[in-house]
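Number of protein chains: 2
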Amino acid sequence: MLKINEARLLQDLHDLAQIGATPDGGVTRKAFSERDVEAREWLKQRILADQFKYHEDGAGNQSAILPSTDPQATQTLISGSHIDSVTNGGRFDGVLGILSALEVLRTLREAGLSRPVHLEAISFTDEEGHLLGEFGSLAFAGMLTPEKLANPRGGLKKLQEGMQRLGLSADSVASAKRDPASIAGYIELHVEQGARLEESNTDIGVVTAIVGIRSAWLTFHGRTAHAGTKPMHQRADALWGATDFMQQARQLIIDQFTPGVMNCGFIDAQPGSFNIVPAQVKLALEFRHRSEELLDEMQQQLFTLAQTAADQRNLTITIEPAINIPAAPMCETVITAIENAAESLDLKHKQLLSFAGHDAQTITQICPAAMIFVPSVDGISHNPKEYTKDQDVINGANTLLHTVLELIKRTSDE
Amino acid sequence: MLKINEARLLQDLHDLAQIGATPDGGVTRKAFSERDVEAREWLKQRILADQFKYHEDGAGNQSAILPSTDPQATQTLISGSHIDSVTNGGRFDGVLGILSALEVLRTLREAGLSRPVHLEAISFTDEEGHLLGEFGSLAFAGMLTPEKLANPRGGLKKLQEGMQRLGLSADSVASAKRDPASIAGYIELHVEQGARLEESNTDIGVVTAIVGIRSAWLTFHGRTAHAGTKPMHQRADALWGATDFMQQARQLIIDQFTPGVMNCGFIDAQPGSFNIVPAQVKLALEFRHRSEELLDEMQQQLFTLAQTAADQRNLTITIEPAINIPAAPMCETVITAIENAAESLDLKHKQLLSFAGHDAQTITQICPAAMIFVPSVDGISHNPKEYTKDQDVINGANTLLHTVLELIKRTSDE
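As you go down the protein sequences, you meet chains A and B in turn. The numbering of the first sequence is the working numbering, which starts it at 41 and goes up by one. The numbering of the second sequence is the working numbering, which starts it at 41 and goes up by one.
In the DSS-like style, the derived pairs of lysine-lysine whose C-alpha atoms are separated by at most 30 Å in a straight line are:
1) Lys-43(A) - Lys-390(A)
2) Lys-449(A) - Lys-217(A)
3) Lys-322(B) - Lys-197(B)
4) Lys-43(B) - Lys-425(B)
5) Lys-322(B) - Lys-425(A)
6) Lys-322(B) - Lys-322(A)
7) Lys-84(B) - Lys-198(B)
8) Lys-425(B) - Lys-322(A)
9) Lys-425(B) - Lys-388(B)
To give a feel for the contact side, a few chain A residues facing chain B, derived at Cβ under 10 Å:
10) Ala-235
11) Val-251
12) Ala-282
13) Val-301
14) Met-302
15) Cys-304
16) Ala-309
17) Gly-312
18) Arg-328
19) Gly-397
20) Ser-421
Covered, in the sense of this in silico footprint (three residues per stretch, anywhere, with C-beta under 8 Å from a C-beta of chain B), are these stretches of chain A:
21) 228-234
22) 256-270
23) 288-296
In short, the hints are calculated from the structure, not lab data. On a predicted model such as this, the values are computed, not experimentally measured, just so you know. Virtual Cβ for every residue (Gly too), placed ideally from N, Cα, C.
So that you can see chain A by itself, here it is in the shape it has in the complex (with noise of 0.2 Å):
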């Protein structure tokens, strides 16, 4: 049976966490940053040594091409993940899915099968958002529009400048646009970055969707007092509104809506003081799930709840939305694909959503797409402690080949 070469993706994995390495085993490779040009050329003077066609399109996406053996291919199965990390980022994330579609390249061709598409691996700009977040996918896409490049999070300036360095402009983002009829599918390999699969034991996660996340600022009004000399009842304090929403929204949630998720991660009390009630307080809150309709139902549902506690606290409440990332379901060609490759290797798998975003909720918009998980020990990510061991890393480059030629087979068969 097929496999990857494992010492020559794990000596990939190796090397290229030296770029950007921190003291304690993680990477800062923020995207467009001086560490992120020196790890992109390394993937491009490592793409060149294989011997692939090395292509790098206007939105600085990079990609390994191995062409088809049939002259008269017109597809691409693509297979890629992202290089930047996020500051004091692990050294798994988004790698691991580069790195394992290279391999898988390598391997195919020594193997000398027949492959009735191209396949190219590539590895997207921007992913984590240090300027803009997905970047790469979104223009691939076509979906970098011009309000988006306008308004990056980290800042026009900023943007200008990182695009400049990488040699980008507005006009060759536009250039970066995929014919979805171009493209047989796209698989991205993942480390977990949660621990349902350590926790069940399971070798590899199949994907059914990336939730859809949304965000609003709810602001509480009420109204100042003195701590002391107002009773309690008579109080327009904000922040006992804020603290009512926030019990209760976290119990709808767990009771009416797990697996979905919300959080509160920022609040702010005015004026601030230990002696005045306060008179308003700002809240983040952010609530994930995988599908638009779950996601509309919690929407009402807490923002009523959120009304209902100013209410009843005598306060009003404004809702600003702020996030709107639409929930993407995989697609069920690609997820029995990789269910098959799974089996075929004798490896646990199971279906589990994916709470964090990827490159592929963009990419599944234009084309068939799905993600595969490996265990991330003690769930750890976004951190230099994040760890996959070497057999997850091996068992999910496998799962990927396999995948790839399960939907080899299937363009083969049609």
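Put chain B on the given structure of chain A with help from the hints.
Chain B in isolation, oriented as in the chain A frame:
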């Protein structure tokens, strides 16, 4: 029946309100500021124009003195309050007590009654705590320790500059200490800064105690986690624990400690992002009640609740006590004198607690003391909208006058 001169008192209130006046009818006259200096000069000139003996002690406390008609008299009966204000404060807070005391001195001198004790109207330095808080009354009581002087809430450098502006030094401050045996009593007339008198249609509040104030920083420590990938039941969400605590604490205080109060006026969650479960939440807790026994009981129960909330959410907690101002019961003799005075004036009166701090809470520790409250419209204070009706000003000053007469009578009877 002897009454104060209404027009004279109202004119003084009007005149002093011009110093540091804000456009919306309030005053900003922070202790040690240029405006404070200006107000102090006004008061000095007012006292001199009234042909009282003017005294200024080493803490900057200013007094008008009306000597006893008895050449053998050794004791002084004192009344007063403070001339400083908070930023954007009201024109009655503090000032009412000083100017009424001065008016009482004028009225008594004009009445030509025999006075077995000296009478003194006093203005204490920096009651509000722009730089230190109850600076003048603490010095007066011999309680302004070197430790307090070295750690003023407004910063040491600013306090030193401010003291220099008033010509004060550490040595002069020590000299402000009065011999308790020389004081017959202390009565402070003040606006209620709450709405209990107004709501119960009462003219005069007789303060039985100034509540003690305790505060603490509560810090809940959990672990950061990805707000998507970490299932809710596995989180160590510091904000969740803090929310539990606030919810339960408020219910506890309302159910078991009314009229005691609590407040959470400041809250901060770190790292403070939409998509990260908070690892640390810092909370400012304050609670007030009339006796040390009740404060001990509140503290024990609140801290236990906090610990339990932390335990239940898989968190740890650190508690750092902040302010601890002891509860200050007022003197029964002075309380009775105030009640008799109000009765004789046919004014509706009731006993209540003061939930705000006042100079009287310091002075009560060295001599018989109590406070008279008059209604604040809508309970508003520390705000330019602070307002007390002319009739209530007059009622308060007449109650002060007759309280002094009651206490003088009692002294004569002894």
